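A.B. asks: Next come the chains, spelled out residue by residue.
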Amino acid sequence: DAGVTQTPRHEVAEKGQTIILKCEPVSGHNDLFWYRQTKIQGLELLSYFRSKSLMEDGGAFKDRFKAEMLNSSFSTLKIQPTEPKDSAVYLCASSHRDNERLFFGHGTKLSVL
Amino acid sequence: QQKVQQSPESLTVSEGAMASLNCTFSDGTSNNFRWYRQHSAKGLEVLVSIFSDGEKEEGRFTAHLNRANLHVSLHIREPQPSDSAVYLCAVSIGGSNAKLTFGKGTKLSVKS
Chain A
-18 DAGVTQTPRH EVAEKGQTII LKCEPVSGHN DLFWYRQTKI QGLELLSYFR SKSLMEDGGA
42 FKDRFKAEML NSSFSTLKIQ PTEPKDSAVY LCASSHRDNE RLFFGHGTKL SVL
Chain B
-10 QQKVQQSPES LTVSEGAMAS LNCTFSDGTS NNFRWYRQHS AKGLEVLVSI FSDGEKEEGR
50 FTAHLNRANL HVSLHIREPQ PSDSAVYLCA VSIGGSNAKL TFGKGTKLSV KS
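First to last, the sequence lines map onto chains A and B.
Numbering follows my numbering, with no gaps: position 91 of the first sequence is 72.
Numbering follows my numbering, with no gaps: position 93 of the second sequence is 82.
Check each hint, because a few of them may be wrong.
What the hints assert, rightly or not - Label pairs and their computed distance ranges (CB to CB): (1) A:34 with B:82: 31 to 37 Å; (2) B:101 with A:66: 36 to 42 Å; (3) A:53 with B:41: 33 to 39 Å; (4) A:45 with B:28: 29 to 35 Å; (5) A:61 with B:3: 20 to 26 Å; (6) B:35 with A:21: 21 to 27 Å; (7) A:11 with B:34: 16 to 22 Å; (8) B:34 with A:20: 28 to 34 Å.
Honestly, the hints are just simulated from the structure, not real lab data.
What you are looking at is a predicted structure, and each value in this text was computed from that prediction instead of being measured.
Idealized CB from N, CA, C, for every residue including glycine.
Start from the sequences and build out the full structure, keeping to the hints where you can.
C.D. replies: The structure is reproduced here in C-alpha cells:
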C-alpha cells in the first residue's frame, strides 16, 4: 500500500511534553495537509504545504503547533508544549495538485493527560 | 466563513434499506462538494464528488445537490454492515483542497 503513512497511530503525552507526529505522503504528491479532528470542531486545517513550501499555517494553531516538510516525502507536526485540549486525532493528507483527489492517512490519536 | 452542518448526527438503518444523509452549507457560491467515509480501520476515503445541481452516482452511493437550497445529500442504496462508519460532507469554492470545509459527520450504523 503506497498511501499516506502516519506514525505513530497512538500517542500518550503528559501535559507540557513535546510530541512529534510524522507523515509520509503518497509518492509524487506535491501538496500536503495536516488536520486536527475532534468531535466538537470536526476537521480543522492546521497546515498546508505545496512543493515543500508552507502555504497556510492555521492562525489559531500557530503558537504551539509547528509543521515542517523536510523533504518531499516526509513531514512532521510538532506540538510544544502539549495541553489536554490538544487531545484529538491528527490527520495527514496529500494530493498531486491542489484540486485533485485527497488521500488521507489513518491518523494519529493523541491523548494528553 | 463557510459553515457546513450535517444531519442527523447518528443514523441506524437495517441492511438493505436506503440510508439518507444530509448536509447544508452557508456560502451559495460553493461549487465543489464531496462525501467522505471514515472507517476506524481504513481512514478517510472519498465516495463521490459533485459540482453542479442534480445527482451523481458512484456505485451504491448517490449525491444530490441543490445549490439554491444550500443542500447536498448522500443516499446509500442497499447498505451493508460494512458501510457502518462516519460520513463527512466537505464543501469548497473553486475545488481547492486547502479551502475545504468539513462537516462534523453522521455516524451510520447498519444492522443485519
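A.B. asks: Against this structure, judge whether each hint is valid.
C.D. replies: Status of the hints after comparison with the structure:
no.: 1; hint: A:34 with B:82: 31 to 37 Å; in the structure: violated, 23 Å
no.: 2; hint: B:101 with A:66: 36 to 42 Å; in the structure: holds, 39 Å
no.: 3; hint: A:53 with B:41: 33 to 39 Å; in the structure: holds, 35 Å
no.: 4; hint: A:45 with B:28: 29 to 35 Å; in the structure: holds, 30 Å
no.: 5; hint: A:61 with B:3: 20 to 26 Å; in the structure: violated, 48 Å
no.: 6; hint: B:35 with A:21: 21 to 27 Å; in the structure: holds, 24 Å
no.: 7; hint: A:11 with B:34: 16 to 22 Å; in the structure: holds, 21 Å
no.: 8; hint: B:34 with A:20: 28 to 34 Å; in the structure: violated, 20 Å
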